[in-house]
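Trainee: For the record, the sequence lines run as chains A and B. In this text, residue positions in the first sequence follow the working numbering: the first is 981, and each later residue adds one. In this text, residue positions in the second sequence follow the working numbering: the first is 898, and each later residue adds one.
Just so you know, these hints were derived from the structure itself, not from any lab. Take the hints with a grain of salt, since some may be wrong.
[Stated by the list, open to error] Computed far set for chain A versus chain B, every beta-carbon distance over 12 Å:
| no. | residue |
| --- | --- |
| 1 | 988 |
| 2 | 989 |
| 3 | 1052 |
| 4 | 1151 |
| 5 | 1171 |
| 6 | 1192 |
| 7 | 1310 |
| 8 | 1358 |
| 9 | 1369 |
| 10 | 1409 |
| 11 | 1414 |
| 12 | 1432 |
| 13 | 1465 |
| 14 | 1561 |
| 15 | 1621 |
[Unchecked claim] Computed cross-link-like contacts, SDA-like style, restricted to lysine to any residue with a CA-CA straight-line distance of at most 20 Å:
| no. | chain 1 | residue 1 | chain 2 | residue 2 |
| --- | --- | --- | --- | --- |
| 16 | A | 1631 | A | 1672 |
| 17 | A | 1631 | A | 1671 |
| 18 | B | 1002 | A | 1399 |
| 19 | B | 1002 | A | 1301 |
| 20 | B | 975 | A | 1209 |
| 21 | B | 938 | A | 1399 |
| 22 | B | 975 | A | 1417 |
| 23 | B | 938 | A | 1724 |
[To be verified] Coverage of chain A stretches by chain B, computed from C-beta distances (three or more under 8 Å per stretch; other residues unrestricted):
| no. | stretch |
| --- | --- |
| 24 | 1224-1235 |
| 25 | 1292-1300 |
| 26 | 1499-1510 |
The structure presented is a predicted model; accordingly, all values stated were derived computationally and were not measured. Heads up, the beta-carbon is just placed ideally off N, CA and C, and yes, glycines get one too.
Listed here are the chains, written in short residue letters.
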Amino acid sequence: MQLRNVWTVRAMVIVAVLFAALMFSPEHEARPSGISSVDSGCSCHSGTPSSQVVASITLANGSALPENYEPGATYALLISFSGGPAEDNIPERVNTGGFNLVASKGTLTPIDNTTQILAGELTHTDAGNDQQAWNADWTAPTSGSTVLRLMVNSVNGDNSASSDDQWNTVSYTVSGAGGEAPTMQANGLTVLFSGILLTAILFALALTYVFYVRDPESFSWKRFQPWISHWLTSTDHKSVGTLYFVSGLFFLGVGGILAMMIRIQLSSPGNDFLTKDEYNSFFTLHGTVMIFLAAMPLINGFANWIVPLQIGAKDLCFPRLNAMSFWLQPVGAILLLSGMFSGMGADVGWTGYQPITSTTDHYGATFWLAGQVLLVASSTLTGINFIVTIATMRAPGMGWMQMPLFTWSILVSVMMLFISIPTFGIGLIEAYLDRTISTTFYNTSAGGDPLLWSHLFWYFGHPEVYVVVVPAFGVISEVIATSARRTIFGYRSMVYALAGIGFVAFIVYGHHMLTSGMSPLLRFVVMLTTMLVAVPTGIKIFNWLKTMHGGSLVYRTHTLWALGFLVTFTLGGISGMFFPAIAMDVHLHETYFVVAHFHYVLVGGTVFGLFAAFYYWYPKITGRMMSERLGILHFLIGFISYNGVFWPMHKLGLLGMTRRHHTYYIRADEYSDIIGTLPPEAAQWNQFITVCAFIFFLSNLIMVYNIIASWLNGRKAPADPWGGWSFEWLVSSPPPTPSFDEIPTLENANPDHAPGRLTGMLERIMTPDSGDEGEEAGH
Amino acid sequence: MSDDHGYHHGPHEWSHGAPHNSWAPIIISIGSGVFLFFFAKAFTMNEGMNGYIYDSAPLPLAIAGLAIIFAGLISWWKQDFSFDGSYEPQATHGSTPFSNVDIRKVGMWVFLMSEMMIFSSLFATYIRYRTSIDSCYSLEGTVVEPGTACWLPASYFIAKGGEHAHSTLGFMPDALVPGAINTFALIISSYTIVMALKTAKRTDLEHAERSIKVRNYLGATFCLATLFLVMKMIEWFIGFHIGPFEAPSLLSDQFTIHNDAYTYNYGHGAEAGAMTVDIRMAASIFYLTTGTHGVHVFAGIVGLGYMVVKAHKGGYGPGNSVSIEYFGLYWHFVDLAWVAVFPAFYLY
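Using the sequences provided together with the hints, build the complete structure.
Mentor: What follows is the structure, given as structure tokens:
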């Protein structure tokens, strides 16, 4: 009990540190370095402000700004500056003056074509780029002090960034009726990500402290250095797999927090918890983070850990390339999110549709593209590694048709990824160059075609969703077969179904573009091929059911998640069958029905599969048993709240709620039918979803706690706690390094069983040396 | 086998023999991130999307990113330098259809599969725009808005470059000379890399003599690849005027990705006319595709630089010739890609 007490105290310290981190997250406003992208001709705020330039805001009639505003009144402002190189008045020079005005409260409104609102801030337009004075309206808020912050540029106008250009800034405070102290409003995204970063740093510090307290004697750099350099340089498939888990779980949390913010925003109609810009960034990063930084690394974590063990290999074939696949991920992640810290995250959706991706004035989009280029490189290396490892390093006796289904699923998944992702990479590079050196691939004025991006993206993007869900199929096959204490029903058909999904994935992507005006004939073809996907998927579902039917099921946590997967994935698959039907797709396009569908397959499919995998392989990976009690609690809360989140979204979609919209409005009563509004029940459903979403989010912390606590205090695990019979259960838990002292040989449990006709033929054709071929074919 | 077991965790001797822990992956990754970050900081498109705002301050940092990548490569090479082929990992016996094939060979072929997709995507972009944007030739004589997007292929500028010099060569424009030299340089370099492999496999030579020969063949490949990039720079940026041969560069011909007001003069005599047209798309895809190919050649040069040094130190012999073979696979692919790029972008 003594030990337990100490741990409780430590846990409380960590929680307190986390809260402290959130409290101290920055409250000042981070600003991008330039005034806006509108200025051509100066790199504005890179240096120190110059005192030669004098900026000022007065009322349009010349009098000074009032000290107290009248609530709701509109003031005509005169924004001006004097001094600096703009006064040199050299003819033929252009774009000599510019400004940017932020009001912490109230609304700024342009009154002529010389000013405009960009990203919520008032700035000049092209037409107003030669002036030194501009007019605009400011509508006062109802209460609270307002800070008007003006930045001006005085530019020499030679259309290049030169050191002569000068700038200055000035702030005015206009008090409201109450006259309270002014506060600067920080950008929500910046605060959130700074908070996450700070939390991570403080967490690392707290962890170091725990290490120190445990053993102050041996707490030294000398002991720490081998540990840290091991993790930074290891190429062992198990270490790299663990690194994938850590980064994947971290970003699963980040993506989850983003989702919670989105849910708060949508919890009531007309909400302004997030600004429109913030909302756009939030859903973009939620999608990107979840797909590329959470789902794929977690899958890679299991692939790294389990595939070499399952095929009886000591490691992957290219261990250093494998380490590089991993290290490109966190670097890409930082790059991808770096736009956050200037408050200008990518705001283009995870699909990055053009031409917005090439033209948005959120600088974060450039870094979003750059980060994903690195993730593409990472996936390519992963692809090479796994394809070659599985093709060449299988233990003796393990033919293609003897491979465990998880390995098969990883093979099919990386095959799809590997073939499709270069296309996406080229699209990204094109867009990146569009945004940097101004090529014109997606610039419509130069003949660029946004649909080309759609093709390049969805040629990758559709296989990508199978890439993240197919490994879950593999996990479920392993889990259900082991839990039902029998072999999987219809192994051969399972393999062909996987391969079928892998093939069909490449010919269905047109259904993402059914509303883009493609030819009706092509739509029809895509409709047929998309519906074809249901065939192999259906085969798998029925095989799983039949496996359970013929077996005797043991209800462990991983079994429960697998059963949950069967339910939710089937529901997601059925709602998926609505979309290939062209008319239905046109009707449901861009509604919450789509959101409901893909969360049912991606959360109910991939994430549930990954949860099952965590509970199933945790003893193998750490050598400890996980707490079943907590696991079942996690499943019950998680499964119920998950359905509470996403099931009502079908309803919302049918009611007409559009996805990716900042907010929604409801009708006053059922008789007023204003276009674009939703019936009142939509607000109630949204509130319900938000509550469930928080429960679902928090329920997953149970698993995180379970992982950490079991790792520290769990029961020692035997080599084969569940009674599985693939190779990974042969080695001790955790496995030694190298993973096998001696490569095992796969023996056939049923020597009378001859290979199928196709396999037999393939083996005859493809095995070059005839010496012991007959023996091999007998396996 | 390798002696530098300074940082070594566990008995990881089973496959390549190199030390099992490596700083190279994390260094190369960070370098790539630094490069992409500061490159984006240095260049930002302007509002009209017809040019960029250039800030010189981050550019040295972008170059520093490249230097970090190179440092990572050196760390990688240091581990590989002692590799003498004695533990070349092979596919397990019975792993149909790769029984007993070198694993690295399979890896290289799989890698080339993704390279294939890279160039396919570039050609998809090219074909998409080439077939949909009107050719400027087809607009001749019609009334077009100034700045109308139309397609003037690079081959037009290359042929026009020949006009400047009144085509000394007669059978082809002078401006095609760098491209023609490049094509032959690559084809010959494919031959020299094969000769390097063949020589490395020879058992009838002394090791020292063989090493020198292998080094020379690899060095020749290196020089031809460098020649390729030099010629490309001449063709893009510098132009040339040697004796009777004279051709302006594509840059001085105003074939740039920012030229939305190119003055296209056509016809002779009574049918002559001029149009102001937008050729940015044709230039964008030309520079991206040939540039991507150039980056592949550059990567080959970097790899060849390492191999020349290793050959000079006697690192290649009959027991370790396959490294040259696998580099050769890549090099042949780069050659083959050029054989597709050259006619599509320089001749058509």
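Trainee: Are the hints correct? Go through all of them and say.
Mentor: Consistency of the hints with the structure:
no., hint, result
1, 988, "holds (35 Å)"
2, 989, "holds (34 Å)"
3, 1052, "holds (34 Å)"
4, 1151, "holds (26 Å)"
5, 1171, "holds (22 Å)"
6, 1192, "holds (24 Å)"
7, 1310, "violated (8 Å)"
8, 1358, "violated (8 Å)"
9, 1369, "violated (8 Å)"
10, 1409, "violated (8 Å)"
11, 1414, "violated (7 Å)"
12, 1432, "violated (5 Å)"
13, 1465, "holds (30 Å)"
14, 1561, "holds (29 Å)"
15, 1621, "holds (37 Å)"
16, A:1631 <-> A:1672, "holds (16 Å)"
17, A:1631 <-> A:1671, "holds (17 Å)"
18, B:1002 <-> A:1399, "holds (19 Å)"
19, B:1002 <-> A:1301, "holds (15 Å)"
20, B:975 <-> A:1209, "holds (18 Å)"
21, B:938 <-> A:1399, "violated (31 Å)"
22, B:975 <-> A:1417, "violated (36 Å)"
23, B:938 <-> A:1724, "violated (53 Å)"
24, 1224-1235, "violated (count 0)"
25, 1292-1300, "holds (count 6)"
26, 1499-1510, "violated (count 0)"
Hint violations for this structure: numbers 7, 8, 9, 10, 11, 12, 21, 22, 23, 24 and 26, all remaining hints satisfied.
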